[in-house]
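S.K.: Chains A and B supply the protein sequences, listed in that same order. With UniProt numbering applied, the first sequence covers 1 to 949. With UniProt numbering applied, the second sequence covers 1 to 949.
Source of the hints: derived by calculation from the structure; they are not laboratory data. Fair warning: there could be bad hints in the mix.
Just so you know, same-sequence chains aren't split out, so a pair can sit in one copy or run between any two.
Stated by the list, open to error - Here are the computed lysine-lysine pairs in the DSS-like style, where the Cα-Cα straight-line distance is at most 27 Å: (1) Lys819 / Lys612; (2) Lys309 / Lys835; (3) Lys835 / Lys80; (4) Lys309 / Lys612; (5) Lys612 / Lys825; (6) Lys653 / Lys507; (7) Lys835 / Lys615; (8) Lys835 / Lys626; (9) Lys819 / Lys615; (10) Lys80 / Lys309; (11) Lys626 / Lys819; (12) Lys615 / Lys825; (13) Lys825 / Lys626; (14) Lys825 / Lys309; (15) Lys80 / Lys825; (16) Lys758 / Lys615; (17) Lys835 / Lys191; (18) Lys835 / Lys758; (19) Lys612 / Lys835.
Here's the letter readout for the chains.
There are 2 protein chains.
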Amino acid sequence: MKLPSQEEFEAPSLSETVPAGHLDSGLGTGPSPDGLSDTGSRELGVSKDPLLFIQLNELLGWPEALEWRETSRWVLFEEKLEVGAGRWSTPHVPTLALPSLYKLRSLLAEGHVLLDCPAQSLLELVEQVTGVELLSPELRGQLQALLMQRPQHHIQSTGIRPCWGSALAREASHDEECPLKEQHQNPLRQKLPPEAEAGVVLAGELGSLAQPLGAFVRLQDPVVLGLLTEVPIPSRFFCLLLGPPMQGRGYHEMGRAASVLLSDPQFQWSARRARSHHDLLAALEAFLEEVTVLPPGRWDPTARIPPPKCLPSQQKRSLSQMREVKDTSVPRGAPAEGRNGHGSHAANPELQRTGRKASWYPSDFLDALHLQCFSAVLYIYMATITNAITFGGLLGDATDGAQGVLESFLGTSVAGATFCLLAGQPLTILSSTGPVLIFERLLYSFSRDHSLDYLPFRLWVGIWVATFCLVLVATEASVLVRYFTRFTEEGFCALISLIFIYDAMDKMLNLAHAYPIQRPSPAIAGSTVYGCLCEFRDPEGNESQWTKTRSKDIGDILSMDLGLINVSLLPPPECVQRGGHPRGPDCHTVPDIAFFSLLLFLTSFLFATALKHIKNSRFFPSVVRKVLGDFSSVLAILLGCGLDAFLGLATPKLLVPREFKPTLSGRGWLVSPFKANPWWLSLAAALPALLLSILIFMDQQITAVILNRAEYRLQKGAGFHLDLFCVAVLMLLTSALGLPWYVSATVISLAHMDSLRKESKACAPGEPPHFLGIREQRLTGLVVFILTGVSIFLAPVLKFIPMPVLYGIFLYMGVTALKSIQFTKRVQLLLMPVKHQPDLLLLRYVPLSRVHLFTAIQLACLGLLWIIKSTPAAIIFPLMLLGLVGVRKVLEWVFSPQELLWLDELMPEEERSIPEKGLEPEHSFSGSDNEDLDLMYHPRAPEINISVN
Amino acid sequence: MKLPSQEEFEAPSLSETVPAGHLDSGLGTGPSPDGLSDTGSRELGVSKDPLLFIQLNELLGWPEALEWRETSRWVLFEEKLEVGAGRWSTPHVPTLALPSLYKLRSLLAEGHVLLDCPAQSLLELVEQVTGVELLSPELRGQLQALLMQRPQHHIQSTGIRPCWGSALAREASHDEECPLKEQHQNPLRQKLPPEAEAGVVLAGELGSLAQPLGAFVRLQDPVVLGLLTEVPIPSRFFCLLLGPPMQGRGYHEMGRAASVLLSDPQFQWSARRARSHHDLLAALEAFLEEVTVLPPGRWDPTARIPPPKCLPSQQKRSLSQMREVKDTSVPRGAPAEGRNGHGSHAANPELQRTGRKASWYPSDFLDALHLQCFSAVLYIYMATITNAITFGGLLGDATDGAQGVLESFLGTSVAGATFCLLAGQPLTILSSTGPVLIFERLLYSFSRDHSLDYLPFRLWVGIWVATFCLVLVATEASVLVRYFTRFTEEGFCALISLIFIYDAMDKMLNLAHAYPIQRPSPAIAGSTVYGCLCEFRDPEGNESQWTKTRSKDIGDILSMDLGLINVSLLPPPECVQRGGHPRGPDCHTVPDIAFFSLLLFLTSFLFATALKHIKNSRFFPSVVRKVLGDFSSVLAILLGCGLDAFLGLATPKLLVPREFKPTLSGRGWLVSPFKANPWWLSLAAALPALLLSILIFMDQQITAVILNRAEYRLQKGAGFHLDLFCVAVLMLLTSALGLPWYVSATVISLAHMDSLRKESKACAPGEPPHFLGIREQRLTGLVVFILTGVSIFLAPVLKFIPMPVLYGIFLYMGVTALKSIQFTKRVQLLLMPVKHQPDLLLLRYVPLSRVHLFTAIQLACLGLLWIIKSTPAAIIFPLMLLGLVGVRKVLEWVFSPQELLWLDELMPEEERSIPEKGLEPEHSFSGSDNEDLDLMYHPRAPEINISVN
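Using the sequences and the accompanying hints, generate a full structural model.
M.R.: Set out below in structure tokens:
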């Protein structure tokens, strides 16, 4: 087997040698497996070759009714025409039989290769191709007529019925050189980029030929070959494979082989640059060198392989060839960096001071002039108000009404809009977040238990937090973020998720105390008593006869006349209020509310979960699925409200103020710093503030790092220090106004960015759309928060939302966040027998016992955190979270750096400790398309924060 | 490329030429895709070659510390040693690089091939292998010592920690020729069949060699080569591939190529029979001819492909080779028959009279002496009593207590045991089934509406049905079954499932009427009134003052003294019973019961569904999963009962008799044929009986056909006529005793058969266990029904089962049955955009519009049946079901036979109408391993009947 000849690599300058990657996998599924693909090619200065559409036309119907019919097509993957069903198959990885490649090779070796053919039309091309010596003149004429025949295409029109080319093959005329309307209307045309070129392979059996006829043509300038291709794009390559009838489906397979070959990026690259017959054959040999072979006994050759989630890196192939030629060195560490997405935080240029934010400011508004921004605003607005409602409700619960939904709306609006106007990364959405809410609850309990005036105390905490944060900004402490490895993030996230789940359940069960269930009272004389009377003392102050009678003869009260005076049917609370005594077995039950609340709780949880699943299901058009998935929690809340309104039961509802005034009665909008609290409390507040600062810092900065990952290809840079500065200032403002505290919310910000993705429209069947970047601007966020502010007047509507529904949504958020972290997957591994464990890359390189040990340590840390949270020492839990970093540091003595690289990521010192060649080549992420990708390239987005969706 | 030389195929007699298929896919996933595999090979009289275990030992550590280490192994699929993780990878389809195969070929071509080597030990073998001229004596000595080194194996011990061979390579001694304890304890040993042989491939780089050294040895008699293989089984093949260090991982890949080659059944077969060097190379060429090639640009060569659900048929490969040699013809129709499993019913030999059942009778008891039968009894017993309880409860509902749970138990026991003792197919489990239950309900409504005495009327219906059935038996009408195609079966099944779902929901909602929910009464003076008083008239017959006061001044009643006399707190029903009047806004509400019932209903439904899903999840050991899955409905019932008991609410419970007497009070066990009904009713009963006969016939015979499908490999034959005879006689008996009617229940019978599967224990990693047959006997069924009879005394326990739980289980059964039919999948297609539709074989061959038309017709039929069922004409619905056969017949004019073959199956006449070569070759079921198999080879088991699980 011959390696590609050196000349073809040396002839063009190095800057041209690397074939371009229109193969970068979309970023939606995580960081690109091949961290080099983009930067690498950019650095090497490669010009992209146009995309090639390949069509295989087969000659069918020999000998009676010869006709050309398109039977398969390729852009990246193969689509076969299902003749019976009259549709294109699902795109699949093409598989070939080895002999067909060899037959093709020998046919090309003997055949007619025309490189840079100057033909300008199909007719000219046909004349050139048939201009071989071995053809007799009449055969040549026959062949030319045959080649000019109009082929049958299966063009899937936008309607339901496909439109076929005319069934009768007509003689070629010059009129037919112009593409038809149906060709132009072909939906495939829209998918292909405008610069795309076509390659046409014609194959078949022709009895009149005595020996095989092979021709390969590269056109000098691509030409639209009339009706030859189903889409009217200029053709670059033309390949003819004809011959006398042979056993089996020889020419069909050969045609497929030629098409697959042409669709291979490496072969394409070589074929575009080939200067001789020889170069072409060498490229075929190079292709053969690289093919994957499946043994016949273990794989059915007719099975269709679905497209892999990410295509193999073509960079590697070309680089390996280049290395053979020139031994170009590639940085070894690159693949490992590709895995972590943001790689080493230290290298992050955004953590350096640049001051170049201001120059982008005008474009931050101009760039928003796009329809997509409108839908992004709608989506994020819905998510934001849902968030504001749920957090507001919980905040009201947590602080006994010191803050509430109104404050939540107002604060979200003011803080969010300010941040969007001033921050370094205006794509960030500020929100109340789980950790801060929990801290606020602890702070409130503390101040209630010590009879402090909450809001002034809170103001001082806020002042201190702002101070600390400003110090952190001044000292550029954000670089410390790189010590928060996945271990810490997961511990943090898992704890928060569990607290959400626990709280949702706990509140739900508490409703059963508030609205007790009627249990049957002991049966008396075979029947049950029920009901409740409100009994008043008679004017003499004696109890009514009823109770007297009852205590006298319990078995008799049912059948005898009671002779009651002074009773009413008032419900117990009002009865007590009016000076009566509720009497009867049912006085402490509130029928139906508890179970109905439970039903609402379960319904909203399950409905939101189900809607989220629809997004990845096969049902409904993608627009519908996207809407249902994106608005899952909003829809679940609406369903819950609808059910509640339909039955009209007195379930506990969201408490909303009827007027625009602080929820806590009797306070103005400005919190006075000194009121009932002693003066020294202003200083003492520094202690909880220190803890809160840690929380704010972790929450804010980890989110910022995630949002500014390289994989999102942000052009305008980030602003770690500026953002923290903004958060600190807003902290001061919200504390002074008694509004909730706000930091960046990871999940909702990611949803914001996701809704602003720029993607290439034209994409090959089976290939995910290419990610182009994010529409970076300030306007969408600003509009969202202005709308949120306006929504304060929604209060009359919000009071119809039952609390159990909100608890259900919170359960959903907690479960969703918990499910998304790798830690959960490793906990699941504990329950799986070895045989059934998924083929995770992690498990290939780390012994199972070590994986389990790591998981067990995380579980232990989580347990410890949970215990601390439940004791009176709960307020120090931010410190304990920080303690996770220490535990992680200790783990360096327990696990090897290699293991930690797989289980976690490396801390700055460890990165240095790994020798440069520490990772064996097969440790790099050549990856499979299995689940391991999900795990290893896991977008760590939802690991940190709890928010909508 | 060279085709295999003819000699090697002509030398052995034809009866030996076909390699054996230890590759038959298990039958659990449906009929074998290759209908020929078993019968074909048996007919051709092939002797099976033993299974080959292949192990690749690589020479690592050059030059410092040379050692052999096992790195991969193959039985059917490749398992790679994950060095980092210290475990075997999941089995996967091996992939090779093409150059490695070529390098292997050239090495073998130049190398040393020893066929039928007489070596009796490793030492002898090593001497023979190293006896090549080109080696210098000292190199030979060095090589011999190296080959005698003890290799390191990774033996996964049964405990958690793997045990490694000693880390230090020791010198070979004669003691080490005996396998070690750890080799014997290797769990792989148990998986391999006793006659298995080993093939060892040794590959690596050895710097002292100047040129590559290749050797291939086939041992004359397989010999245990000491410590060379990880399992102490005799080795048949030995392959050595050594050479000077080369670029890349050349020898590793070559070693893998040799191993994959040896693991290929076709190559194995050739290598076992090769008589020269040349034959071996020819076999390698033949292998190359058949490989599947994946293009490098579209498939990552390092991706691991999971084992396909069914292996490609090796028959085809050998047959195609044979055809090339001798042009042996194979019946064309065979693949199509493979699809339908039972193929044409007409060809079914069981429908012929044989009379050979009796000879099996003694073995029907002796064959049951196996532990497996015990667990089968337990499982089927649980399923049967759950069935008896649920159907008994529904029957009690349907007939207003004319029959009930007691009758259900008694009847199941008597009928089932009798059937198991006498029937032709004792694996069948008799049960109440959905269709019969619905008919019984209609019959009861009819007789109630016309004031007939139900049980005597029913007796006459039973007498007539038995008569009709006996006529059907006498005329051998069971052959008509072949007109019931999938269209009819699905219509039948879908209707029944929908009725189940509708009934479950309807009954659940009716509970809300029986136990009304308390809705808030209009608020009076800002507060709500609730409660209910029982008011008696005072001795003078006047109403009490309360109501008078109320009617006078409604706004005042809450705050004023009422001065009531004559009231009690009795619940409304008892109040009325005792002559009082319930008064108050809450008198018509029964708190909590409705919502709690709904919760129980949903809980049992969701819990049963979730448990069923666990069976196919990755969690828990397979035993636990199997138990949870198999007992899902039992566990769901238990959970529901537990919840109900925990809260102790007065939910509606299952009504069970406290004594052993008929549920209907005042009747003896024998139903008298003449009582209140007029004499002519005995004759008129023939009309409903005709309808019921159609139902019974359909239900019984379709089930029987499914149970006796060829894929279950039953040895003792079926008894269509005998079974129908038994059902008819039991019909008479149960009617006379007023017990429910019984026919074969598909799903529970299939579960019975499934629990009696005989499977091969030894199976290669990644390969499903082989199905050997069913433990056919009468004892398990008999014991199950005896136990069911004994369970009548469980009545005191059964009365704790709440009805909503049973409704939930019925919803679950309905949904499960509906989900299992292809019709449902086609309805789902209606909701899927074309792009997202699964790659079903069906859709490859039938235009989507035709598929949708077929589905729409089925939906229309279903709608019509539903309407008929809901009108007073409901009693004729069995006739309408039969009408489906007519509709299906009409469809022959709408759809082509090809389309019907894909969408349905063919009726006897149509089968004749398709020309013999009607199916194009690619229409045969070469299939892919995708979802289409699920659809096309769908085990039609759960399509017919509704039963437990």
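S.K.: Each hint: holds or not?
M.R.: Each hint, compared with the structure:
Taking the shortest alpha-carbon separations for lysine 819 and lysine 612, both the intra-copy value of 13 Å and the inter-copy value of 22 Å come in at or below 27 Å. For the homomeric pair lysine 309 and lysine 835, the shortest alpha-carbon distances inside one copy (24 Å) and between copies (17 Å) are both at most 27 Å. With identical chains, the CA atoms of lysine 835 and lysine 80 are at most 27 Å apart between copies only, with a shortest distance of 14 Å across copies and 37 Å within one. In this assembly of identical chains, the alpha carbons of lysine 309 and lysine 612 lie at most 27 Å apart only when taken from the same copy (21 Å versus 30 Å across copies).
Proximity of lysine 612 and lysine 825 under a CA criterion of 27 Å is satisfied in both settings, with 19 Å inside one chain copy and 22 Å between copies. Taking the shortest alpha-carbon separations for lysine 653 and lysine 507, only the intra-copy value of 13 Å comes in at or below 27 Å, while the best inter-copy value is 31 Å. Taking the shortest alpha-carbon separations for lysine 835 and lysine 615, only the inter-copy value of 15 Å comes in at or below 27 Å, while the best intra-copy value is 31 Å. For the identical chains of this complex, lysine 835 and lysine 626 are inter-copy neighbours only, at 16 Å across copies versus 36 Å inside a copy, given an alpha-carbon limit of 27 Å.
Proximity of lysine 819 and lysine 615 under a CA criterion of 27 Å is satisfied in both settings, with 17 Å inside one chain copy and 21 Å between copies. In this assembly of identical chains, lysine 80 and lysine 309 lie within 27 Å of each other by CA distance both inside one copy and across copies; the values are 20 Å within and 23 Å between. Taking the shortest Cα distances, lysine 626 and lysine 819 sit within 27 Å of each other both inside one copy (20 Å) and across copies (25 Å). With identical chains, the CA atoms of lysine 615 and lysine 825 are at most 27 Å apart both within one copy (22 Å) and between copies (19 Å).
Taking the shortest Cα distances, lysine 825 and lysine 626 sit within 27 Å of each other both inside one copy (26 Å) and across copies (23 Å). With identical chains, the CA atoms of lysine 825 and lysine 309 are at most 27 Å apart both within one copy (20 Å) and between copies (26 Å). Proximity of lysine 80 and lysine 825 under a CA criterion of 27 Å is satisfied inter-copy only: 23 Å between copies versus 38 Å inside one chain copy. Only within a single protomer do lysine 758 and lysine 615 lie at most 27 Å apart by alpha-carbon distance; the minimum there is 20 Å, versus 42 Å between protomers.
For the homomeric pair lysine 835 and lysine 191, the shortest alpha-carbon distance between copies (14 Å) is at most 27 Å, but the shortest distance inside one copy (43 Å) is not. With identical chains, the CA atoms of lysine 835 and lysine 758 are at most 27 Å apart between copies only, with a shortest distance of 22 Å across copies and 42 Å within one. Proximity of lysine 612 to lysine 835 under the C-alpha cut-off of 27 Å is restricted to the inter-copy arrangement: shortest distance 20 Å between copies versus 30 Å within a copy.
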